[in-house]
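Construct all of the structure, not just a fragment, from the sequences and the given hints.
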Amino acid sequence: MDPRTAHKVVVGVDGAPRTIAALRWAASEALRRDAELVAVHAWGSMVRPASYAPVGASASPDECASQAAEVLAAAVRTAFGATPPVPVRQVVDERAVVPALLGHAGDAELLVVASRAPGAPGARGESGPGPITLSCLRQSACPVVVLPTVGDRVAADQRSSTLV
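Residue 781 is where the sequence shown starts when you use this note's numbering, and the numbers rise one by one after that.
By construction, these hints were calculated from the structure, which means they are not laboratory data. A couple of the hints might just be wrong.
[Stated by the list, open to error] Cβ pair distances, simulated, as ranges:
#	residue 1	residue 2	range
1	Pro923	Ala839	31 to 41 Å
2	Pro928	Leu811	20 to 30 Å
3	Asp814	Ala839	32 to 42 Å
Beta carbons are placed, not taken as given, at the ideal position from N, Cα and C, and that holds for glycine.
Following this line, the structure appears as structure tokens:
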């Protein structure tokens, strides 16, 4: 391991069941590695209203940051209850998802993401990684673990002995 690499595992969390499962998997991996767990929720895209939205229809950046913090805290509570297996540093980031994840994973041992859910916007029945996952795989300075989705959940709550 590069001496400049921090002992941390970074996981992307948006509150969906598949990312909560990824959070659990990442916590288990952080515990195994004796590393810090950093849960990142990016909210940058929440600030930009759709082109057809009335002017002033979007929440303020402060409101978005507050909502993002609530989503992340709820995901951590859902994943672990009152006692996570490792301390979880919760980070809300105003950037878009890929820059936020890559920014926090730049000095990490590992980046963990859940694959997109089947039927997700843009999936069009396609299997395989979505654009966020592909961008992370192509650009990350650290190894990336992509947890497969089965239905709306990640097949990660039961740890496999095979990791590809």
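Results of checking the hints against the structure:
1. Checked against the hint of 31 to 41 Å, the pair Pro923 and Ala839 passes, with Cβ atoms roughly 35 Å apart.
2. A C-beta distance of roughly 22 Å is found between Pro928 and Leu811, which places it inside the suggested range of 20 to 30 Å.
3. About 39 Å separates the C-beta atoms of Asp814 and Ala839, a value consistent with the hinted range of 32 to 42 Å.
In this structure, every one of the numbered hints holds.
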